[in-house]
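Chain order of the listed sequences is P and L. Here this note's numbering is used: position 111 in the first sequence is 111, and no number is missing along the way. Here this note's numbering is used: position 112 in the second sequence is 112, and no number is missing along the way.
It cannot be assumed that every hint is accurate.
Some, not all, of what chain L presents toward chain P, calculated at C-beta under 10 Å [stated by the list, open to error]:
| no. | residue |
| --- | --- |
| 1 | 38 |
| 2 | 44 |
| 3 | 46 |
| 4 | 47 |
| 5 | 50 |
| 6 | 55 |
| 7 | 57 |
| 8 | 63 |
| 9 | 66 |
| 10 | 69 |
| 11 | 73 |
| 12 | 76 |
Rather than coming from a laboratory, the hints here were simulated on the basis of the structure. All values derive from a computational prediction rather than experimental measurement. Ideal placement from N, C-alpha and C gives every residue a C-beta, glycine not left out.
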Amino acid sequence: MSDDPYKVLGVSKDASQDDIQKAYRKLAKKLHPDLNPGNKAAEDEFKKVSGAYDVLGDADKRARYDRGEIDASGAERPQREYYRNYAGTQADPYATNEGFSDFSGDDDIFSSIFRRGARSNVRMRGQDMHYRLELDFLDAVNGGMKQLTLPDGSVLEVSIPAGTRDGQTLRLRGKGGPGLNGGSPGDALIEIGIRPHPVFTRKGDDIHVDLQLPLADAVLGGKINVPTIGGSVTMTVPKWSNTGRVLRLKGKGIRRADGANGDEYVTLKIVLPEKPDPDLEKLIRDWQLGTGTPHQSTEA
Amino acid sequence: MLYHEFLIRARVEDNAVKEWVAAGWLIPANQNGETEFSDIDVARAHLINDLKGGIGVNDEGIGVILHLLDQLHGVRRTLNELLSAVQSGPDDLRTRLVAHLEGTLSDLRTGSRE
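Given only the sequences and the hints, what does the whole structure look like? Please build it.
Below is the structure:
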């Protein structure tokens with residue numbers, strides 16, 4: 001170790017003791033073997049750096065080195081054992097597996113091994129049980145409690161979150177098979193099926209409905225009742241609304257997990273009065289004459 | 001080892017050791033009511049000395065560093081055990097694990113470049 005200690009620390013010959021200490025600390029933070037447990041090269045580099053600091057860090061020794069009375073290797077440290085050579089062995093009482101406590105659930109077999117202590121006595125968590133539950137559209141959308149009767153006759157109370165989707169799986173912790181060796185029970189996994197609704201269709205968090213619009217409201221505009229998943233509401237239809245026009249009811253869709261709501265989209269479908277109405281027919285005939293477009297659909 | 005021997009090898013003063021034990025930085029083994037320091041405690045004391053003196057970490061910082069290091073060594077120990085378990089496992093397991101890891105790692109790399 002006869003490298004120039006000034007070069008090793010990266011300081012100039014006339015650097016102050018303060019600068020030398022700063023340079024050393026900067027390097028030591030990066031290179032200390034115990035702060036680099038898996039890096040073999042760090043030990044050699046740190047040895048050089050601390051050897052150089054042994055000489056330059058002490059003003060007297062530094063002066064002697066500068067006068068050529070000692071060389072850089074004169075201050076080599078005795079062989080030392082770093083903490084990392086002991087740490088992490090089976091016998092290490094300090095190493096902790098707290099770092100695993102967030103690993104995939106507290107009853108996963110692997111994490112229980114990682115969390116130690118359980119090596120020879122691995123506790124087995126119970127089996128997960130799979131069930132299927134059919135819901136009405138509105139029950140799924142609005143949420144609520146449902147009862148599921150299990151094959152063994154027992155009844156499971158299932159809380160359906162608002163906005164549950166078709167095919168979604170609900171997990172009931174600890175409601176599955178019993179655990180082994182004191183392990184926790186498995187979970188009940190309930191796959192949700194949702195029956196379609198005659199009026200509502202769901203797209204993402206939005207609800208779509210087709211609305212039958214009387215001719216008069218289509219032409220003149222008006223207020224009309226619209227079904228929503230929370231009950232019917234009154235919506236204003238602008239005059240001269242054609243079939244296919246889509247109106248949006250903001251916030252009348254499905255409640256999202258973040259508390260916001262989707263929207264309801266209402267597609268208008270104009271309907272004629274059920275029974276033929278001579279007055280209306282006459283009106284249309286007159287109107288056609290007025291606009292100069294002859295009535296021709298039946299002759300064509 | 002004898003307490004006296006520990007002080008010499010660790011190059012620390014009696015007062016400092018008491019403080020470090022109180023702070024939880026050193027946890028000597030306890031045998032029949034007697035504290036017993038071992039080689040790992042010596043090495044740990046050297047590390048604490050380096051952090052305090054050489055590197056200039058303050059006392060709060062030392063507790064933080066030791067706690068993180070202890071977690072790191074726990075993780076390294078478990079990773080080691082896991083790797084040796086995989087080593088002694090069936091070839092098929094190893095091949096599949098390597099293939100899976102390479103897939104994940106290359107995903108990470110391409111992800112970080114974007």
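task = Mind listing which of the numbered hints don't hold for this structure, in increasing order?
result = 8
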